[in-house]
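Now for the letters of each chain:
There are 2 protein chains.
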Amino acid sequence: MNKIRIGIAGYGNLGKGVELAVRQNDDMELVGVFTRREPSTVKTVTGCNVYSLNEAEKYQNDVDVMIICGGSATDLPEQTPELAKLFNIIDSFDTHARIPEHFANVDRVAKENNHLAMISLGWDPGLFSLNRLYAESILPDGKTYTFWGKGVSQGHSDAIRRVDGVKRGIQYTVPVEDAMNAVRSESMPELSTRQKHTRECWVVAEDGADLAKIEETIKGMKNYFDEYDTTVNFISEEEFDAVHNKMPHGGFVMRSGVTGENTHQMIEYSLKLESNPEFTASVLICYARALSRLRAEGATGCKTAFDIAPAYLSKLSPEELRAKML
Amino acid sequence: MNKIRIGIAGYGNLGKGVELAVRQNDDMELVGVFTRREPSTVKTVTGCNVYSLNEAEKYQNDVDVMIICGGSATDLPEQTPELAKLFNIIDSFDTHARIPEHFANVDRVAKENNHLAMISLGWDPGLFSLNRLYAESILPDGKTYTFWGKGVSQGHSDAIRRVDGVKRGIQYTVPVEDAMNAVRSESMPELSTRQKHTRECWVVAEDGADLAKIEETIKGMKNYFDEYDTTVNFISEEEFDAVHNKMPHGGFVMRSGVTGENTHQMIEYSLKLESNPEFTASVLICYARALSRLRAEGATGCKTAFDIAPAYLSKLSPEELRAKML
Numbered sequence: 009m010n011k012i013r014i015g016i017a018g019y020g021n022l023g024k025g026v027e028l029a030v031r032q033n034d035d036m037e038l039v040g041v042f043t044r045r046e047p048s049t050v051k052t053v054t055g056c057n058v059y060s061l062n063e064a065e066k067y068q069n070d071v072d073v074m075i076i077c078g079g080s081a082t083d084l085p086e087q088t089p090e091l092a093k094l095f096n097i098i099d100s101f102d103t104h105a106r107i108p109e110h111f112a113n114v115d116r117v118a119k120e121n122n123h124l125a126m127i128s129l130g131w132d133p134g135l136f137s138l139n140r141l142y143a144e145s146i147l148p149d150g151k152t153y154t155f156w157g158k159g160v161s162q163g164h165s166d167a168i169r170r171v172d173g174v175k176r177g178i179q180y181t182v183p184v185e186d187a188m189n190a191v192r193s194e195s196m197p198e199l200s201t202r203q204k205h206t207r208e209c210w211v212v213a214e215d216g217a218d219l220a221k222i223e224e225t226i227k228g229m230k231n232y233f234d235e236y237d238t239t240v241n242f243i244s245e246e247e248f249d250a251v252h253n254k255m256p257h258g259g260f261v262m263r264s265g266v267t268g269e270n271t272h273q274m275i276e277y278s279l280k281l282e283s284n285p286e287f288t289a290s291v292l293i294c295y296a297r298a299l300s301r302l303r304a305e306g307a308t309g310c311k312t313a314f315d316i317a318p319a320y321l322s323k324l325s326p327e328e329l330r331a332k333m334l
Numbered sequence: 009m010n011k012i013r014i015g016i017a018g019y020g021n022l023g024k025g026v027e028l029a030v031r032q033n034d035d036m037e038l039v040g041v042f043t044r045r046e047p048s049t050v051k052t053v054t055g056c057n058v059y060s061l062n063e064a065e066k067y068q069n070d071v072d073v074m075i076i077c078g079g080s081a082t083d084l085p086e087q088t089p090e091l092a093k094l095f096n097i098i099d100s101f102d103t104h105a106r107i108p109e110h111f112a113n114v115d116r117v118a119k120e121n122n123h124l125a126m127i128s129l130g131w132d133p134g135l136f137s138l139n140r141l142y143a144e145s146i147l148p149d150g151k152t153y154t155f156w157g158k159g160v161s162q163g164h165s166d167a168i169r170r171v172d173g174v175k176r177g178i179q180y181t182v183p184v185e186d187a188m189n190a191v192r193s194e195s196m197p198e199l200s201t202r203q204k205h206t207r208e209c210w211v212v213a214e215d216g217a218d219l220a221k222i223e224e225t226i227k228g229m230k231n232y233f234d235e236y237d238t239t240v241n242f243i244s245e246e247e248f249d250a251v252h253n254k255m256p257h258g259g260f261v262m263r264s265g266v267t268g269e270n271t272h273q274m275i276e277y278s279l280k281l282e283s284n285p286e287f288t289a290s291v292l293i294c295y296a297r298a299l300s301r302l303r304a305e306g307a308t309g310c311k312t313a314f315d316i317a318p319a320y321l322s323k324l325s326p327e328e329l330r331a332k333m334l
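Keeping their order, the protein sequence lines are chains V and A. Residue numbering for the first sequence follows my numbering, starting at 9 and increasing by one per position. Residue numbering for the second sequence follows my numbering, starting at 9 and increasing by one per position.
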């Protein structure tokens, strides 16, 4: 059987994760990285080919699935519809509120060009969404809770780094253990934003900066920190580099529901990830397998994790799956 | 839109659970219970209709999905292929080793009769199987662990009750906390049967029975208890009735895997169920929704949870799902 030929559009942490994930799946091969930078300046982890994203069109017949690894704020709304003209694509678009609009744009272009697209894959949106859907379908009477962390939020870390006097900064979202245990007690508590998560900031200040001012500015930032109990810790650059050089993340989806005559039932799903981008990449890669199979069956347009029967994700045949994994 | 018309074949604990679950889903209605007993002797929880299973054929046009609630040992291997001649069916066949054979039998009959069948639904097989599949597809390098409990095992409880001198008996399967924590530490331990679960028995003895003999007999039972650390507790009938009158269960599916350069990633799924049959019934009912939609699209033959795209399970439309749950 021919291997699934993977392209990577955009070479940041997620792109590197995809590059590494391809190595773990022997039914796939990497065509190369497509970058907006000058290709000769990009050093890849595995030494794979690097091409200019501007010349992607030339490789239309060489790539079965293009995995787009840009950011959701500005890259993907532009790049995904554009690349869906040329390729079957996968992205990890994660701005929840704008998913319907992004879906419509990508669906139209993909159908016009006879391509198949899968958007908003990863773990949230993605695996967490799947767990919300399964759990709410099974237990229609109940309440769903999502907790994130402990893990690095890129958006909040970026926000810290924009504060005057901050040289380096990172932010961890931390789920509140008491709140999770209240959910597990099946009392279906109402939890405010503040009760569910705290925010932990680690900052390297510029020489001579006003630390009290930095702390006050961070804690008051609208939409980022003002609704949370936030701690700001100042540390040396050495400590920062030694301790805060990873991108762990994770979280919990819980559904507390009732059946029959007030019988309590609890479903919980959790992830504990040493590397958020490597894990997200692993999800994207296994949906690339599903995409290539569904495309071979003639599917076009845009799909999400909700539309993909689980069997499409596995290397095993339906017979093997029933015998070994059911 | 017409409601999905549900029939229940077999009225034990699972059948009662389905009867109650239909009430929680306003897109469904219950046609009635089909029983091997004399219908007039069966009192249902909700007072629904009761028919003789022998006359099921008369109701072919009244039932969209027949949910077969018999046992896997002897009922389902016979009943499911037989009823798949007359109806679209769902069962919870859970003898893992015999699933391929059962699938082949049901698939053949369903196709011949233009029906759609879904087998081996519930939580294991079912939701646990789905989690094994998703997790192993995403993290190809790793190890999967399934723990069951704390919960009542019907098979083991039945085995206790066959021992001479035992008047009442129930058995709880208990996952070993240390073993689960070893898995969560991501050291990927090799765990023996004895290390993963213990078995807790609660027994009411006949008057004058030899308690030491009962305990010894239970602990030595091949395939049931001999490979486990088992405790046998003798209690009064009053205590038994007061404390051990429920059917709780649950368990854990964990996948410990690595990505990139030995980066640890952990996926965990767990259920904590006050009533195993009511929860299993809730899973069957939401696959009945999927079945009725897939049948309307023309699907026939046999399917499992692996073959069903998650969106089919939800009452929400694809647009609503993307907007609210992704």
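For the record, the hints were derived by calculation from the structure and aren't laboratory data. It is possible that part of the hints are untrue.
Identical chains share a label here; the pair holds if one copy fits it or two copies do between them.
Capping the alpha-carbon separation at 25 Å, the derived lysine-lysine pairs in DSS-like fashion look like this [to be verified]:
#1 Lys323 to Lys151
#2 Lys280 to Lys221
#3 Lys66 to Lys175
#4 Lys158 to Lys119
#5 Lys230 to Lys175
The hints, checked one at a time:
In this homomeric assembly, Lys323 and Lys151 come within 25 Å of each other (Cα to Cα) only across copies, at 16 Å, whereas the closest approach inside a single copy is 35 Å. Taking CA atoms no more than 25 Å apart as the test, Lys280 paired with Lys221 passes in neither setting, with 34 Å inside one copy and 47 Å between copies. Proximity of Lys66 to Lys175 under the C-alpha cut-off of 25 Å is found in neither arrangement, the shortest distances being 42 Å within a copy and 78 Å between copies. For the identical chains of this complex, Lys158 and Lys119 are neighbours neither inside a copy (40 Å) nor across copies (50 Å), given an alpha-carbon limit of 25 Å.
In this homomeric assembly, Lys230 and Lys175 come within 25 Å of each other (Cα to Cα) only inside a single copy, at 21 Å, whereas the closest approach across copies is 67 Å.
Violated hints, in rising order: 2, 3, 4; the structure is consistent with all others.
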